[in-house]
Amino acid sequence: MKIEWTEEHVVFSEIDDFMLDVLQKIPLNAAALDDKVISRIYPTLTDGVDEDADEDWREHVMPGLSELFQTHMDVVIKDLKQIEKEGDEKEGEISTLTFPASHVRSWMHTLNQARLALGALHDVTEDDIEGRKKDHAGEKSFALFQIEIYGLILSLMLQHTEL
Amino acid sequence: MADSDVLIEEQTKTDESLDVPWNVVVHNDPINLMDYVAKVFIRVFGYTKQRAERHMMEVHKKGRSIVWTGGRERAELYVQQLHGFLLQATIEKSR
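Which chain is which? The protein sequence lines are A and W, in order. Per the numbering used here, the first sequence starts with residue 7, numbered consecutively. Per the numbering used here, the second sequence starts with residue 9, numbered consecutively.
It should be emphasised that the hints constitute simulated quantities derived from the structure, not laboratory data. Note that CB positions come from ideal geometry on N, CA and C, so glycine has one too. Misleading hints may appear alongside valid ones.
[What the hints assert, rightly or not] Straight-line Cα separation of at most 27 Å, DSSO-like style, residue types lysine-lysine; simulated pairs:
hint: 1; chain 1: W; residue 1: 101; chain 2: W; residue 2: 69
hint: 2; chain 1: A; residue 1: 42; chain 2: A; residue 2: 146
hint: 3; chain 1: W; residue 1: 70; chain 2: A; residue 2: 139
hint: 4; chain 1: A; residue 1: 146; chain 2: W; residue 2: 69
hint: 5; chain 1: A; residue 1: 96; chain 2: A; residue 2: 146
hint: 6; chain 1: W; residue 1: 101; chain 2: A; residue 2: 87
hint: 7; chain 1: A; residue 1: 139; chain 2: W; residue 2: 69
hint: 8; chain 1: A; residue 1: 91; chain 2: A; residue 2: 31
hint: 9; chain 1: A; residue 1: 42; chain 2: W; residue 2: 57
[Unchecked claim] To give an idea of the interface, some chain W residues facing chain A are shown, with a C-beta separation under 7 Å as derived from the structure:
hint: 10; residue: 42
hint: 11; residue: 47
hint: 12; residue: 51
hint: 13; residue: 85
hint: 14; residue: 89
hint: 15; residue: 92
[What the hints assert, rightly or not] Here chain A is said to cover these stretches of chain W; the calculated rule only asks that three of the stretch's residues, wherever they fall, bring their Cβ under 8 Å from a Cβ of chain A:
hint: 16; segment: 69 to 78
hint: 17; segment: 93 to 102
Isolated chain A, as found in the complex (with noise of 0.2 Å):
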């Protein structure tokens, strides 16, 4: 897969079915809805310290960050949808994506909520993500797949993005 950026427009070519799938399944692993993805990607203001103020934070500071977040997520959906297919399925088809560089914050966000969640629901450590730790099962192995790969291209957009 080939990332090029211009003024107006990025666009991801050369994408093969393999790497497709891992870009279809952004917004999927970013709306996990296990437990563990939520309490990561929605935390308390305290933490547990103080209950009533994590209380009011769930009621009035939450809705308005899951809005924001199901915001950036819609936006990706959107573009996803916009993959265009070359090649037959006999000799292998090559998919781009092209979208606009305004959406790109959008695009951060949500890689790093899939990350995160995959990361949470996998119970991903330090030692996983430096390779220290190599004995995956196959599931935990494509998370630490698809984690490395979106902080790839989230690296690569943080080059050329401010937040």
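Since the structure of chain A is provided, determine the placement of chain W on it from the hints.
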């Protein structure tokens, strides 16, 4: 003691609790990219790159960093912004 005295005393306690300086603390997590965390500090607090990176390294090495201290209301606003960027942040009373 009249009801109004109770009210005044309760009000004073609440105000005192709001006046205590509060720390905004950012906690480490294994997933967030270090560059991303530093950029969030620059964006939210307007810190220089150097200061933002110092806090980011403190989070990474010590597990937490006090990134701001001051009034409760503003501290909550900062935590809200940090949560908006998916950082793990809390407030605590400054000792």
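**Prompt:** Is the straight-line distance between the alpha-carbon of residue 96 of chain A and that of residue 146 of chain A 27 Å or less?
**Reply:** Violated - the C-alpha atoms of residue 146 of chain A and residue 96 of chain A are around 31 Å apart, more than 27 Å.
**Prompt:** Are residue 139 of chain A and residue 69 of chain W close enough, with their CA atoms no more than 27 Å apart?
**Reply:** holds (19 Å)
**Per-residue hint verdict: residue 42 of chain W, partner chain A, C-beta under 7 Å** = Where the cut-off is 7 Å and the nearest Cβ of chain A is about 10 Å from residue 42 of chain W, the hint is violated.
**Request:** Let me know if the C-beta of residue 47 of chain W comes in closer than 7 Å to any C-beta of chain A, holds or violated.
**Result:** holds (5 Å)
**Asked** Holds or violated: is there a CB of chain A closer than 7 Å to the CB of residue 85 of chain W?
**Response** violated (10 Å)
**Message:** So if I understand the rule, the pair passes when the alpha-carbon distance is 27 Å or less; does residue 70 of chain W with residue 139 of chain A pass?
**Reply:** The given pair, whose Cα atoms are some 21 Å apart, holds under the 27 Å limit.
**Prompt:** Are the Cα positions of residue 101 of chain W and residue 69 of chain W separated by 27 Å at most?
**Reply:** holds (22 Å)
**Prompt:** For the pair supplied as a hint, residue 101 of chain W and residue 87 of chain A, is the alpha-carbon distance within the 27 Å limit?
**Reply:** violated (47 Å)
**Message:** Let's test the interface hint: is any C-beta of chain A closer than 7 Å to that of residue 51 of chain W?
**Reply:** Because about 5 Å separates residue 51 of chain W from the closest Cβ in chain A, which is inside the 7 Å limit, the hint holds.
**Item:** Straight-line alpha-carbon gap residue 146 of chain A to residue 69 of chain W, limit 27 Å
**Value:** holds (25 Å)
**Prompt:** Per the CB criterion, is residue 89 of chain W less than 7 Å away from chain A?
**Reply:** violated (10 Å)
**Hinted pair residue 42 of chain A and residue 146 of chain A, Cα distance within 27 Å** = holds (15 Å)
Figure legend: structure checked against the earlier numbered hints; hints not met, in rising order: 5, 6, 9, 10, 13, 14 and 16.
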